[in-house]
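Chains as they are written, first to last, in this note's numbering: chain C, 49 to 480; chain S, 49 to 480.
Simulated from the structure, these hints should not be mistaken for lab results.
Among the hints, erroneous ones may be present.
To be verified - Covered by chain C, according to a simulated footprint, are these stretches of chain S (three or more residues, beta-carbon under 8 Å):
no. : segment
1   : 185-198
2   : 224-231
3   : 293-307
4   : 378-385
5   : 413-427
6   : 441-454
What the hints assert, rightly or not - Pair ranges (Cβ atoms, derived):
no. : chain 1 : residue 1 : chain 2 : residue 2 : range
7   : S       : Gly324    : C       : Asn419    : 34 to 40 Å
8   : S       : Glu459    : C       : Asp369    : 30 to 36 Å
9   : S       : Glu389    : C       : Gly76     : 36 to 42 Å
10  : S       : Pro393    : C       : Gly100    : 40 to 46 Å
11  : C       : Pro364    : S       : Ile99     : 36 to 42 Å
12  : S       : Glu458    : C       : Pro92     : 29 to 35 Å
13  : S       : Glu209    : C       : Gln331    : 58 to 64 Å
14  : C       : Lys202    : S       : Glu458    : 42 to 48 Å
15  : S       : Lys351    : C       : Asp369    : 17 to 23 Å
16  : S       : Leu468    : C       : Leu428    : 36 to 42 Å
17  : C       : Glu459    : S       : Thr466    : 50 to 56 Å
18  : C       : Gly275    : S       : Lys351    : 56 to 62 Å
19  : C       : Ser287    : S       : Asn213    : 50 to 56 Å
A virtual CB, placed ideally from N, CA and C, is assigned to each residue, including glycine.
There are 2 protein chains.
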Amino acid sequence: MSYSEFLSKALDAAGAREGARIEASSGGKTYSGILMPHHEFSSPDILIIKIGSGYNIGVRMRPGLEVRVLDGQHEAQKKEDAAPRIDGLPNISLIGTGGTIASYVDYRTGAVRPALSASELTNAVPEIRDIANVSARALFSIFSENMGVEHWQKLAEAVAEEMNNGAAAVIIPHGTDTMGYTAAALSFMLEGLSGPVVLVGAQRSSDRPSSDASSNLLAAVRFCTAGGNAGVFAVMHDSPGDDSFAVHTGTRVRKMHTSRRDAFRSINAPPVARIGADGRIEQPQIPEAPPAGKVVVRSAMEKNAVLLQYYPGMSPDLFEDIIMKSKGIVISGSGLGHVNENMVPLIKKACGNGSVVVITSQCLNGSTNLNVYNTGRDMLSAGAISVGDMLPETAYVKLMWALANTADAEEAKKLMKTPLRSETGDRRTVDV
Amino acid sequence: MSYSEFLSKALDAAGAREGARIEASSGGKTYSGILMPHHEFSSPDILIIKIGSGYNIGVRMRPGLEVRVLDGQHEAQKKEDAAPRIDGLPNISLIGTGGTIASYVDYRTGAVRPALSASELTNAVPEIRDIANVSARALFSIFSENMGVEHWQKLAEAVAEEMNNGAAAVIIPHGTDTMGYTAAALSFMLEGLSGPVVLVGAQRSSDRPSSDASSNLLAAVRFCTAGGNAGVFAVMHDSPGDDSFAVHTGTRVRKMHTSRRDAFRSINAPPVARIGADGRIEQPQIPEAPPAGKVVVRSAMEKNAVLLQYYPGMSPDLFEDIIMKSKGIVISGSGLGHVNENMVPLIKKACGNGSVVVITSQCLNGSTNLNVYNTGRDMLSAGAISVGDMLPETAYVKLMWALANTADAEEAKKLMKTPLRSETGDRRTVDV
Chain C
49 MSYSEFLSKA
59 LDAAGAREGA
69 RIEASSGGKT
79 YSGILMPHHE
89 FSSPDILIIK
99 IGSGYNIGVR
109 MRPGLEVRVL
119 DGQHEAQKKE
129 DAAPRIDGLP
139 NISLIGTGGT
149 IASYVDYRTG
159 AVRPALSASE
169 LTNAVPEIRD
179 IANVSARALF
189 SIFSENMGVE
199 HWQKLAEAVA
209 EEMNNGAAAV
219 IIPHGTDTMG
229 YTAAALSFML
239 EGLSGPVVLV
249 GAQRSSDRPS
259 SDASSNLLAA
269 VRFCTAGGNA
279 GVFAVMHDSP
289 GDDSFAVHTG
299 TRVRKMHTSR
309 RDAFRSINAP
319 PVARIGADGR
329 IEQPQIPEAP
339 PAGKVVVRSA
349 MEKNAVLLQY
359 YPGMSPDLFE
369 DIIMKSKGIV
379 ISGSGLGHVN
389 ENMVPLIKKA
399 CGNGSVVVIT
409 SQCLNGSTNL
419 NVYNTGRDML
429 SAGAISVGDM
439 LPETAYVKLM
449 WALANTADAE
459 EAKKLMKTPL
469 RSETGDRRTV
479 DV
Chain S
49 MSYSEFLSKA
59 LDAAGAREGA
69 RIEASSGGKT
79 YSGILMPHHE
89 FSSPDILIIK
99 IGSGYNIGVR
109 MRPGLEVRVL
119 DGQHEAQKKE
129 DAAPRIDGLP
139 NISLIGTGGT
149 IASYVDYRTG
159 AVRPALSASE
169 LTNAVPEIRD
179 IANVSARALF
189 SIFSENMGVE
199 HWQKLAEAVA
209 EEMNNGAAAV
219 IIPHGTDTMG
229 YTAAALSFML
239 EGLSGPVVLV
249 GAQRSSDRPS
259 SDASSNLLAA
269 VRFCTAGGNA
279 GVFAVMHDSP
289 GDDSFAVHTG
299 TRVRKMHTSR
309 RDAFRSINAP
319 PVARIGADGR
329 IEQPQIPEAP
339 PAGKVVVRSA
349 MEKNAVLLQY
359 YPGMSPDLFE
369 DIIMKSKGIV
379 ISGSGLGHVN
389 ENMVPLIKKA
399 CGNGSVVVIT
409 SQCLNGSTNL
419 NVYNTGRDML
429 SAGAISVGDM
439 LPETAYVKLM
449 WALANTADAE
459 EAKKLMKTPL
469 RSETGDRRTV
479 DV
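Only chain C is shown next, with the shape it has when bound in the complex:
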């Protein structure tokens, strides 16, 4: 949906484009601010402008309104141009994808929509200019629940391009909903990273006073400029306050709360580092020296894969079709990685059909082990494999990748059992 006809015409006649500073008068009142895109939950007669405080407001316009452009240059672009490059500072590329970190609240409907550009984001945090040269580009502007496999692939290509063109690090503002999945996907797709690729998000949109957008972004930049780290990470609040930020390994991170600012947790591994509000970085383990050379993208994915949670009452008949149609099946079993014995013949049939069945645990914490109970042994006999303490979500992403980057199911299984990106740590319980 876009602005209504009379409103669009008035904007067009004045030459007012999105991002321009405008003044609009209607019904005897005048409003000024930056012209924002319309969105579907507002009436088409509601003009959305960002006012001086940074808030977006929606104002009802009536036919006969008057529009005047105060400054036609796109606000974000202007600030971008104004920021000088400082020699000697590391170059960080910011690739925007959307999400709460780049969104605003519509004060009529209360709903949140992506709106800020990638460069607006960095410009919102002046401290960043002192420690890095940040160049920004917008790749997508979507909520992360709408991210799919193709988005991961495009993102991996874009990251490699930036790194291979001289970026010391890449920061990816991303919606929090599926940030863990994207982090895992980039982890496997990007090979030979010479620097950090950091996903960063916000649980509160950037125009709310309690927003964590700026502080998370600043923490991510600080981690990137600290040097020595290579790989895919996620940086988010580590506590409800603004005093501590955690750097999570991309294959180990999971959103564990719907709304808290410290929703993200490293599971089955400690965070790689913690960053204080003063910028001090605590990193217990000295990272391995990053490889030199170009980043290689291996972004092929077998999309014919599913992630299923086992539950009592799960019907093998109902799931037969899905399981038999899929080349990769990740089951988050109960406890150490179990399912009802009535599911085992179906698992056997799928394995016999050349599919790969990977068992993880819905407990999330701790390692799977199919050697302790008879149920587990039956599943091993049926051809399923378990993957230690790997998260179900990471196993699903890795399985799609493993199936697309190996010749057959046996090779894919071997790859699943080989730790590549710190995705599993408990080697004792990897039942080879």
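Based on these hints, arrange chain S on the given structure of chain C.
Just chain S now, with coordinates in the frame of chain C:
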């Protein structure tokens, strides 16, 4: 699988039944202990006996073996008979279902199997005799991953029978894998409970020195004898040591670690009580006075229901059949309860078909809220409902129950949104 022909014949000829104390000689050696049932992962020639230390051993027998019965009375039964009832102590009924709490390790294969009887369990903890009169019955002897809807129904009937026959409390030793699901099912199925129904389990089998079977059971009995509490609970270790035990609300408890003794956690609610090793009970909130009168069982369940975790790449085409065939669909969405927008038409179709679609969050912690983002609003428009901070597993169990105990989908939706057993606490975010 059972013992081999020659071994079975020798046992039968001697009149040796399971639970009897026997002596068996073969190959020049003699072994004595309590005769245990055979299990499928041992060779059928391996005789399983429980020796004096409490350990089960497997010994290979050869044709020509000699068997002698030392004491034909079932060991567990004998102890049961020997324990006198003490007047004035509360009567607690123990209903055995199986699981690690009642299992032993087979030292040939290293696998764990259910074996102990319900009465053996109570006899293993002498302290219990001083605080309660415990009578035990075995209902099932299965691992909890094999529990299904029918098991919940039979268990609910058995609990009601015990309570209505004068038990002050019922304790249910249960496998830990699906304990949370069973606790939720009993919570909804049992109406008007006048006392506590406590699920209790063990993460380490009872013949291992580190077993938590006895200490968890004792803590459960202590909670039951404290008085004043009614409802369904789960009692498990609250710390890795033997110093603290937590009492969880049946609809709020989830197994959050595959192997730790303190694997169980109350999610989105504090534990009801904590019990120290000395038996002291800390219960911050005084419970409501339990109702008098009989327990009513409402155990009808709509089995045509599914629990699905949303993940990026989830294909609406692949899941169409499952979703359209199900009367109840619980989706654990991302973040506040989201799915990819490409799933929304399918949700709409299912709702239009008279099914109930309930949105929960795979974050587990925190409340769903479909009013914040456009994605959520689209799902509400499609006819889905969200249920505050209810666990996905609890929502799945409640939905089966709600569908079977109401006249139509609209009534079932209303019931889903009505807190009945403390299954949701955050009423602000229940989007009615």
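Which numbered hints turn out to be false for this structure?
Of the numbered hints given earlier, the structure breaks none, since each of them holds.
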